[in-house]
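> All chains should be built: construct the whole structure from the sequences, respecting the hints.
Chains as they are written, first to last, in our numbering: chain L, 203 to 694; chain U, 440 to 542.
Hints in this document: simulated from the structure, not taken from any laboratory.
Some hints here could point you the wrong way.
[Unchecked claim] These stretches of chain U come out as covered by chain L in the derived footprint (C-beta under 8 Å, 3 or more residues): (1) 462-469; (2) 472-482; (3) 512-525.
[Claimed, not checked] The list that follows gives simulated cross-link-like pairs (lysine-lysine, BS3-like), each with its CA atoms no further than 27 Å apart: (4) L/Lys346 / L/Lys505; (5) L/Lys208 / U/Lys500; (6) L/Lys514 / L/Lys361; (7) L/Lys480 / L/Lys361; (8) L/Lys514 / L/Lys346; (9) U/Lys499 / U/Lys510; (10) L/Lys480 / L/Lys505; (11) U/Lys534 / L/Lys208; (12) U/Lys499 / L/Lys208.
Even for Gly, the Cβ is constructed at its ideal location relative to N, Cα and C.
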Amino acid sequence: MSGAVKPPRSVRVCNLMVRVAAQLVPAAQRDDWRREWLAEIWHRWQFLFYAGVWDHRQSWALMRNCLGVFPDAIWHFALQDPVQERIRGWARSPWTCLGALAGALAVVALATGGFPAMRQLVSLPVNDRLVFIWLHPTAGGGDKELPADVPAAWAAHSKLLESVAGFHISRQQTVSSRFGSARPLVIATEPVLFQVLGVRPVLGAIPSESGVVLDQSAWKTLCHGNPRLLGCQVVLGKRVYRVAAILPSDFYFLTRHSSVFMVNRWPADRVNIIARVKPGVSIERLDGELVRISEDTVYYFFKGQLRMSFVKQALLTPVYLFAIALGVAGFLCFWAAHIRLRHIFVAFRTVSRRAVARRAAFFSLKVVLASMLTFAAGLEWSRPQSAVLFSSRDPASGPFLLWLYILMAMAVFFWAVADQRARCRVCLRLLCFPVRIGCPGCLLLDWSGTELLCTEGHGVLHVPHLAPSWDEESERWISLDESWKGLFAQTK
Amino acid sequence: MSGSAKLSHTAAMILQTLDNGCNYGFDIMDATGLPSGTVYPALRRMESEGWISSEWEPEKKALAEQRPARKYYRITRAGSEILEASQQRYPLLAKLAGAKARR
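Shown next, in the form of structure tokens:
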């Protein structure tokens, strides 16, 4: 029967896969393993062939089934003692820790398309004259938007402003066209906003009365990026608007999140304000003039209640916030973990300076990489949420981001300190083989401590379960001298 | 029996299929719908736990039929006990494995 029909190409490919994967299987089991797979493949092919159902679909299915030879071979490979020992050693290595952090950073870079928000921070124009203005009432607290008639009064009477526009951000509405639907940022604004921002559409024209202006991302989602569909209708909530213009691909306002600009003469009852000031105007002068205009023309009394921030300053706020969060978290963490400067000086005096420097370098590198990871991830993924959640406040840097950064910075420091303590003081490998010590009956029915061992024989970490009041040291590193080396060499 | 708590639904399905009379790796794949990359490592693990045993069919018989000998798997007594516990944990196990086998 076997000699009657020549095996088809797919069966030969399967056999080849088995032979390749067999190289991973330990030699003692290899022949048995290979025989089993080859026999299964042969029987499957023969059964289907003589049943008259062998076709292309079946040959593909057989090859797909044969892909399992690799996980099966890897399972055998990983079960070998030397391999397991190597995996454990690799997992304990300090380089693995740094590599994992660097890898996570690379994954975030790939997922976000190369840190666009970070690049935005780097590429900020130096002579930026755009200013955000919002209200921080004396009574009632919290940041708020301004009444919608204020920007018109400032535009008419200010001598320090070149142009001014109000806007209101929401994400509540689903925007749909006959080609697609999405929930982008909906920015209700007035036509002059685009003049303030200094942007011109690549297609169409900014509507003077009512219409919708899409950024490139929203244009692709809602109209499949088809330039012929300019003028098509989109539905925002319950109202129908006509798409009037498309903005350039490199344009974004506050965030790179997909945005729809709903242009109206009267965008909302309360608005945030963005304005372009004349060169050389300071925030103090501008505040004085805008407060005076508000009092004289629209009878709002904003003295001491207006908040202003240049766009550049607002966009850099996350960097300042993160730096503050890192500082606070570092201080809290060192305070809570009983790490004092004198400990470091004592370590420098008593232990090899080279070993202390290596530990300090590893800790610093770990903190830097983890901080970069959390900062980048927070900046790239929280900004749209922050802008939406806190649209009525400072749109570029909400308290959400501040809290997120404080929590993340705390996590970074606490993890870095805990990881550092769980490592050998000499070779920086993770300690292992925890052994409980003491008599459980002597100390409140519990063990008195745990000892962890360095696999290289550099020392033992003694961690007491209960620390007496006269001894603040929570754990103690006991170095092992040369006489122990033989024992560890034998056990390796 | 200590392993009963650890037995996943996938492993329980494979055990149930073996108990139903499917003795070869590819047959188990057909009956459970699981890929070979899941079935074979699971079989190895269960064999090392002692829940199943494997054996080559007699070489003479295979030679007489001019075909390579196959390795077949059988559920052990320990495996049967584990399976019973799993059937209580996953009440639809027998029906599920049976239905897939009939498909």
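> Okay, the stretch 512-525 of chain U and chain L, do three or more residues pass the C-beta test at under 8 Å?
Violated: only 0 residues of the stretch 512-525 of chain U have a Cβ under 8 Å from chain L.
> Using C-beta distances, would you say chain L covers the stretch 472-482 of chain U, given that this needs three or more residues below 8 Å?
Coverage by chain L holds here, the residue count being 7 at a Cβ distance below 8 Å.
> Is the hinted pair U/Lys499 and U/Lys510 satisfied, with a Cα-Cα distance of at most 27 Å?
Between U/Lys499 and U/Lys510 the Cα gap is close to 14 Å, so the pair holds against 27 Å.
> Run the distance test for L/Lys346 versus L/Lys505: straight-line Cα separation, threshold 27 Å.
Distance of about 15 Å is within 27 Å: holds.
> Quickly compare the C-alpha distance for L/Lys480 and L/Lys361 to 27 Å and report which way the hint goes.
Judged against 27 Å, a Cα distance of about 8 Å means the pair holds.
> Given the hint that U/Lys534 pairs with L/Lys208, does the C-alpha gap stay at or below 27 Å?
Judged against 27 Å, a Cα distance of about 40 Å means the pair is violated.
> Taking 27 Å as the top limit, are the C-alpha atoms of L/Lys480 and L/Lys505 close enough?
holds, 22 Å
> Given the proposed pairing of L/Lys514 with L/Lys361, does the C-alpha separation stay at or below 27 Å?
Holds, at roughly 22 Å.
> Can you confirm whether the C-alpha distance between L/Lys208 and U/Lys500 stays at or below 27 Å?
holds, 23 Å
> Between L/Lys514 and L/Lys346, is the straight-line Cα distance small enough, at 27 Å or below?
holds, 21 Å
> Measure nothing beyond the straight line between the CA atoms of U/Lys499 and L/Lys208; if it is 27 Å or shorter, mark the hint as holding.
holds, 23 Å
> Within the assertion that chain L covers the stretch 462-469 of chain U, do at least three residues meet a Cβ-to-Cβ distance smaller than 8 Å?
With 4 residues closer than 8 Å to chain L, the stretch 462-469 of chain U meets the three-residue bar; holds.
The structure fails to meet hints 3 and 11 from the earlier list, while all remaining hints are met.
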